[in-house]
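Q: These protein sequence lines map, in sequence, to chains S and R.
Numbering of the first sequence is given in my numbering, commencing with residue 1 and proceeding in unit increments.
Numbering of the second sequence is given in my numbering, commencing with residue 1001 and proceeding in unit increments.
Any given hint might turn out to be false.
As the list claims (entries may be wrong) - Pairs of lysine to aspartate or glutamate, EDC-like flavour, derived with a Cα cap of 20 Å:
id, chain 1, residue 1, chain 2, residue 2
1, S, 96, S, 138
2, R, 1071, R, 1049
3, S, 77, S, 26
4, R, 1071, R, 1135
5, S, 153, S, 138
6, S, 212, S, 277
7, S, 77, R, 1049
8, S, 231, S, 277
9, R, 1071, S, 269
10, S, 231, R, 1072
11, S, 77, S, 99
12, S, 98, R, 1049
Derived from the structure by calculation, the hints contain no laboratory data.
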Amino acid sequence: MAAVIAFGLLVMAALVIYLGSWFVTDRHLQQGADASALAGVEYIALVETQSGVPTSNGCGQTSDGVQCAKTYAGLNKVGLDSDPVFVFSNQGVKVKVKETVPGFGVGFLNIASTRRASATAVASPLTTATDILPFAVDQGQANWRSGSLTTLKFTKSGTGDFDLLDLGQPPVNSSTCGFNTPGIANCINTLCGGCSATISTSNPSTDFPPAKGAKFNSVQIKDAVNALAGKTVLVPIYSSLDSSGNYIIVGFGAFQLATPSPFSAHGTDSYLTGTFEKEITSVTGSGTIGASCSGPTFFGVCEVSLVQ
Amino acid sequence: MTERTLTRLRAECGQGMVEFALVLPVLITILLGIISLASAYSHQLTLSDAVKASARAASVCRFASSNPNYKDYSQTFNDITQRGSLTGASVTTFACPTQGGSGYTIAGTFTQPITIFGLSITTITLSSTTQGVVE
């Protein structure tokens, strides 16, 4: 009886090791496949947003998405089942990996098992941009790409570096961002509390009217702006005005408001101080961005996500 | 059945019980070893999950200041390992690069004690590593 139980326990021990190896290998493979696919797609996003691929990337400057995925499969110590391939019109990378778990060399435990995993990641255009300040910044403003502290001038005539936008108009689905001073201040106030104002990037040439009744140098707007000191917000970038006097929004800029008081006023002019951190402008028609991630909705930014 | 046969059978039954009693500690030791090993495998899976989730957090670290819901990669690792009772698990420190596209390595380790009858027989070091790219 003891021999029978001992045999049973030894078989059980072997199974624990055997099946445990399967589970651990599966997890390792999936981890490696996910990281490799994401690295490949990140490469696509970096190249196509023209922010450049740093040398510390590990993929090299002359690589491409699938080569980068292949490199990262090696770095994550997973064997490729087949070479990574482009999917989703070259916007995604699919990685298949495998590893053989050896058997024990005894009976049914001698069966070597080949474990497999796959992952697909994709770079896709932004669908919406939320938490937008109602300040339309002139694309021609000299310093807005400098990355250093910038002071934007606001003039009552509307010919300064930026103007106040009425985000209460369609297509924005919001009742909080009106055209007058309290509406604009309310819009700024609610930004960090989850303002529902959203500009869809489905139409990169969205036109928005100026908020003609609002006063930037009002106490309400001044307090609302200063309350956001130090935070990074999105400001719409406009290229020009259409025939109706509406601002043609071509993208967004990530703008970090200066501390402690981004708002200032001198004489009849008012100023907004901060640093542009990132340009998110439409590339439609520019012809300078790689064709594969472009298109009418591409704003120079790709979302990177695992889809399988 | 004769009286002699019955006597022999009773004697053999006693012998079997004595043998079983002698082997029982060995069997229990094997059983506890199996449990300890299974625990190590389970902890390895938890560690892999923690490193994987931590790596995803690390890949978006550059946006931490603008995302109030961002959870630091080490905090992500600690949350998962603590839920999995991996007390003392550690993760490599990682300085978030300023430039997107830079490579990073997240490595987690955990010292797994192999215990039988409450005694620590040995320890094995479980580890998991992921390399990726910062967005």
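Q: Each of the hints needs a verdict: does it hold here or not?
A: Right, here's what the structure says about each hint:
1. A distance of roughly 47 Å separates the Cα atoms of residue 96 of chain S and residue 138 of chain S; the hinted pair therefore is violated under the 20 Å criterion.
2. The hinted pair formed by residue 1071 of chain R and residue 1049 of chain R meets the criterion: a straight-line CA distance of about 16 Å does not exceed 20 Å.
3. With a C-alpha separation of about 13 Å, the suggested pair residue 77 of chain S and residue 26 of chain S falls inside the 20 Å cut-off, and the hint holds.
4. Taken as a hint, the residue 1071 of chain R and residue 1135 of chain R pair is honoured in the structure, with Cα atoms around 16 Å apart against an allowance of 20 Å.
5. Among the hinted pairs, residue 153 of chain S with residue 138 of chain S is consistent with the structure: their alpha-carbon atoms are about 11 Å apart, no more than 20 Å.
6. Annotation: proposed proximity of residue 212 of chain S to residue 277 of chain S is violated, straight-line Cα distance about 28 Å (limit 20 Å).
7. Straight-line distance between C-alpha atoms of residue 77 of chain S and residue 1049 of chain R comes to about 17 Å, which keeps the hinted pair within the 20 Å bound.
8. Of the pairs offered as hints, the one joining residue 231 of chain S and residue 277 of chain S holds, with about 11 Å between alpha carbons and a cut-off of 20 Å not exceeded.
9. For the hint linking residue 1071 of chain R to residue 269 of chain S, the alpha-carbon distance of about 41 Å lies beyond 20 Å, and the restraint is violated.
10. With a C-alpha separation of about 19 Å, the suggested pair residue 231 of chain S and residue 1072 of chain R falls inside the 20 Å cut-off, and the hint holds.
11. Restraint check for residue 77 of chain S and residue 99 of chain S: the C-alpha separation of about 10 Å stays at or below 20 Å, so the hint holds.
12. A C-alpha spacing of about 19 Å is found between residue 98 of chain S and residue 1049 of chain R, which places the hinted pair at or below 20 Å, so the restraint holds.
The structure does not agree with the numbered hints 1, 6, 9 stated previously, though it agrees with the rest.
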